[in-house]
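Engineer: In case you want the letters, here they are:
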Amino acid sequence: MFYKVLPIVEKEVINNKYFIITFTNFEMAEQSCPGQFFKLKGLEQEFPILPRPFSVFKKEDSKLSFLIKVVGTATKNLSQLKIEERVALLGPLGNGFQIHNGKKVLIVSGGIGYAPLNFLRDGLNKADNEITFFHGGKNANDVFSKNIRIYTEDGSIGEKGLVTDGVEEFLSQNQIDVVYTCGPENMLRKVKEICEGFKTKLYMSMETVMACGIGSCCGCAIKVEENGKPVYKKVCKDGPVFDGYKIV
Amino acid sequence: MIDFKIKIGKMLWKNPVTVASGTFGLEFGELFDISQLGAIVTKTVTLHPKQGNAPPRIAETEAGLLNSIGLQNPGIENFIKTDLHEYRIIDTNLIVSISADSISQFGEVIQELERQSGIDGYEINVSCPNVESEGIIFGTDNKTVFKLVSMIKKTTERTVIVKLTPNLTSIENIARVAENAGADAISLINTVYGMAIDIETRKPKIKNVIAGYSGIGIKPIALQNVFRVAKVVKIPIIGMGGIRNTNDALEFIIAGATAVAVGTQNFVNPLSTLDIIQGLKKYLDEKKVQYKDLINSVNF
Ligand SMILES: Cc1cc2nc3c(=O)[nH]c(=O)nc-3n(C[C@H](O)[C@H](O)[C@H](O)COP(=O)(O)OP(=O)(O)OC[C@H]3O[C@@H](n4cnc5c(N)ncnc54)[C@H](O)[C@@H]3O)c2cc1C
Ligand SMILES: Cc1cc2nc3c(=O)[nH]c(=O)nc-3n(C[C@H](O)[C@H](O)[C@H](O)COP(=O)(O)O)c2cc1C
Ligand code: FES
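Residue numbers (our numbering), protein chains in the order written: chain P, 2 to 249; chain D, 15 to 314.
Keep in mind the hints are simulated off the structure, nothing from the lab. Hints are supplied without guarantee of correctness; some may be wrong.
Straight line, CA to CA, 20 Å or less: simulated PhoX-like cross-link-like pairs of lysine-lysine [as the list claims (entries may be wrong)]:
no.	chain 1	residue 1	chain 2	residue 2
1	D	221	D	233
2	P	234	D	221
3	D	248	D	19
4	D	64	P	230
5	D	19	P	224
6	P	224	D	248
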């Protein structure tokens, strides 16, 4: 974990909702694993006060990229930064995804949930996993890659419908060991319901509002089952990846 | 050489900068050498483990932060077994923040800690309800504060700091009571009551509804509280509430604080305490002023 102020070295605007910013730092990149995240805040941007959490989207040598969706003030502020402008980064944070070797794996992604799963795919590939990638969004603007199974609610690209529509069918026809998922709450709930029937392993990346991001403040509590009892865990430190069946 | 050393009760601090309870933890040790702080204040611990309040516990507002953590902590026994071992080897003063549901329970917590080495002081968090007194907040009742602080002073030789809530009609009264009961120092302020509502769902943004407000928005409130208390007590004050940088810290010191604590800003820049230590040194050097002459030096 490091705290550093770094200039943006690359910026790609995907469309009016999404953009990618890239930083170069050897130590931070070296330590980053799929599923981990950083807290980011533009150096000159005083409000909102709290730096916001963003998953590592891509890592290439010393380069770290974040795929960001504009939803409110902090993300809008970040979207307005130009190359060379400086951002304070804290990370890598959180536990990251557990990666097994040589498994049959299904990735289920919804909207901006794609960000950590994109980096996860690289990690799974290195560990000789056989990967199927499903991604869903509202429309073509929410799609970041073409060579995966795509679902959009309006059918503007890929199949029309929810990503979870395809998951049940896929699991009933294929023997899958592990499912990894990240996305909106409704989608996660549905993925859990479906996976329960097929007894796959299930790793879910969760989101909460965060303050410290490093496990000190207990602000990011989420209820998780432990030894048959519900307890509060910290999304920033115990997560953001949890056993999907244990989320209460 | 800038002389920064201050005395808080029996403690000698190498500089006047510490952290606000609940906003800091051992994790910060991965980012910088935390022995550089004048003191470390732990998150509040209680006799029994507390699981904390239902989420959401945090919401940002226009000029600060709302929180309702509910004093989540592992309880005194687990604290002693885990965190305390790591804290006590850090080469600076260790202040354990404690809270309880009743005066007798405060006593039990102190007794447990008295058996442990490596603790330099206690910060008594009185911003919580007293179950023996119909849930009235300890820190709002003069008699209770007197009884509590007198009891604690009898139980320990260590430095006792009373942390005051600003949610009061007269903070001067309570501060005086704490001093008369033997408190070695006063820290203030704890969070200010606050609330925020999501207008789409009409739900409070914090599950517990009423929350504690902290950060830059409370700075003027905190500052005038420090100023008022400094006028009526002789014991040192640890000032906090919205401190982000050296200039904010200087205002508190000039208003009457002997030391300052950084809270919410730790979430923004985890190294801000170090920046403030450096910044204070630079200010003293440039202004050719002694630190002790800066404390409580408002020019009217
Ligand atoms: C571990 C983790 C990883 C994340 N990774 C990414 C990522 O890779 N890319 C990305 O674009 N976003 C990611 N997010 C979400 C991102 O942090 C939020 O979108 C951001 O904090 C919103 O800030 P804002 O000021 O723009 O919006 P705000 O004004 O704070 O909020 C605008 C809206 O977004 C909602 N919102 C706020 N914070 C969150 C949150 N943490 N999660 C979900 N909704 C939120 C609010 O309820 C509100 O409706 C991640 C969140 C977490 C916890
Ligand atoms: C997330 C959070 C948790 C806190 N937990 C505690 C606590 O356990 N005990 C305590 O005495 N004060 C607690 N506080 C209050 C702070 O110690 C401090 O008094 C207050 O936040 C004002 O300082 P600030 O504006 O610099 O944050 C907490 C504050 C925050 C924001
Ligand atoms: S955000 Fe502070 S503990 Fe997770």
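Engineer: What are the numbers of the hints the structure violates, in ascending order?
Structural biologist: 1, 5, 6
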